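Chains as they are written, first to last, in this note's numbering: chain A, 198 to 364; chain B, 460 to 731.
Hints listed in this document are in silico derivations from the structure and should not be mistaken for laboratory results.
Source: prediction; values computed, not measured.
Keep in mind that the hints are not guaranteed to be accurate.
[What the hints assert, rightly or not] To give a feel for the contact side, a few chain B residues facing chain A, derived at Cβ under 8 Å:
hint: 1; residue: T466
hint: 2; residue: F467
hint: 3; residue: S493
hint: 4; residue: L500
hint: 5; residue: T508
hint: 6; residue: R577
Quick reminder that beta carbons are idealized off the backbone N, C-alpha and C, glycines included.
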Amino acid sequence: MKQLLLWVTLLSCAMLQAVIPAWAALGQAKAPLLLAGVLYFALTRDELYVVESAVLAGLLQDSLGPIPHGASVFCFLSIGLLVHHYRERVFAEHWFTHMMLGFAASVFSTLFMALLLLSTGQREGISFGFVLSKALGMSILSLLCVPLLFRLLQALEHSLGLEARRI
Amino acid sequence: MRRRSWTFWLCIGAVILIAFNLPAPVSRGLKNGSRDVLAPLQSLISSYTIRFKNAGEAIRGWGDLPAEKQRLEEELLLLQLQQQEMEELRRENLQLRRQLEFQSRSQRDLLAGEVLARDISGWWQTLRIQHKGSPRLRPDQAVISSDGLVGKLTEVSGRTADVLLLSDPGCRVAVQIEGKSAFGILQGQGLAWNGRVLCRMELINKLVKLERGDVVRSSGLGGIFPPGLKVGEVESVSMDENGLHQSAIIRPSADLGNLEVLFVVLDGEDSL
Chain A
198 MKQLLLWVTL
208 LSCAMLQAVI
218 PAWAALGQAK
228 APLLLAGVLY
238 FALTRDELYV
248 VESAVLAGLL
258 QDSLGPIPHG
268 ASVFCFLSIG
278 LLVHHYRERV
288 FAEHWFTHMM
298 LGFAASVFST
308 LFMALLLLST
318 GQREGISFGF
328 VLSKALGMSI
338 LSLLCVPLLF
348 RLLQALEHSL
358 GLEARRI
Chain B
460 MRRRSWTFWL
470 CIGAVILIAF
480 NLPAPVSRGL
490 KNGSRDVLAP
500 LQSLISSYTI
510 RFKNAGEAIR
520 GWGDLPAEKQ
530 RLEEELLLLQ
540 LQQQEMEELR
550 RENLQLRRQL
560 EFQSRSQRDL
570 LAGEVLARDI
580 SGWWQTLRIQ
590 HKGSPRLRPD
600 QAVISSDGLV
610 GKLTEVSGRT
620 ADVLLLSDPG
630 CRVAVQIEGK
640 SAFGILQGQG
650 LAWNGRVLCR
660 MELINKLVKL
670 ERGDVVRSSG
680 LGGIFPPGLK
690 VGEVESVSMD
700 ENGLHQSAII
710 RPSADLGNLE
720 VLFVVLDGED
730 SL
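Construct all of the structure, not just a fragment, from the sequences and the given hints.
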């Protein structure tokens, strides 16, 4: 059931992220739902689940867009494993932690993608201002959607009886 | 415990290395396969999103219904008058063509596609459309809406195709100003903070006098876009820094932020 939840969650996040329009005012930022999903599993599951969720989320993001394969996988794996490593030093159940983790992870993933796309020549015409505004937009959106997704998944797990043990 | 940990990290490293170094055909195949598999799900979500959006617009526009009705009636009247004029012009055109023994140009061969989703990462200005598995689709074909040019195909899979929009900096179109011998290259400039699509036409002959509202069409010189497709209108004109050419900001005719059905211009003997 936990496996099913993971797959359904990440697939739904990918579908929604693709459909929700970008925020033009701030670097065409998209709501980082896949990232939020990875953060959730990094805080609430063991290492294998974290890797599975990060690889799946990364492959979905890379497959559904023009991003070169592997970029999002690396990014999500780094974030997921780092958050999982330090999960006992934060208040993993608190909404403020979720907001701050989402904020930091969004900034990291945006800067990482910008560096990767610029260094490989995949994207032209990216200015520093654009990257900065995109990072800001992504972090603002993550402040909203990460705690929301956490609440939703916690409620879902509660209703399915999966929330007995937190790793 | 330590050995298990070593294996674990080795596997992760291998996954990353493999993912980063997939050969291009494998990567393309993987992307196309996953897009095709997810297409029905995306279509379902997309249709519900459109319904949700339409419902929201209907609720917002509830109070304006009488004014909207009157506006539509006026528009209908205007369109009927225009249609009569067009019919007259068409008859006259046909007569002239026959007289001059011009061969009438056949219609472009189009393939419709429903918009499924936008770029998931937000780094590109792309759309994904769903098609019925036409073997005639290939990258670099022009994509239009009923209002004008939208972009070009980049990736084509069995059921879906990705469209690079005019607003993307990677999309360049050879264009010309209608009625004037002014040619240039149109390049996307992304979106403004208010969501307005920006495109810039560069390398225009500085001696040609351009005006706001001049119609921009594809020239066909680049070899990708067929000639004559409406692209947009001139919004403002400025001289280049070096003073050798003019540049113009172009407002695309198609509403790139609100697209539901697009048409791919298929290669035909007469279309290129």
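(request) Give me the numbers of the hints this structure contradicts, sorted from smallest to largest. (result) Number 1 - this is the single hint that the structure violates.
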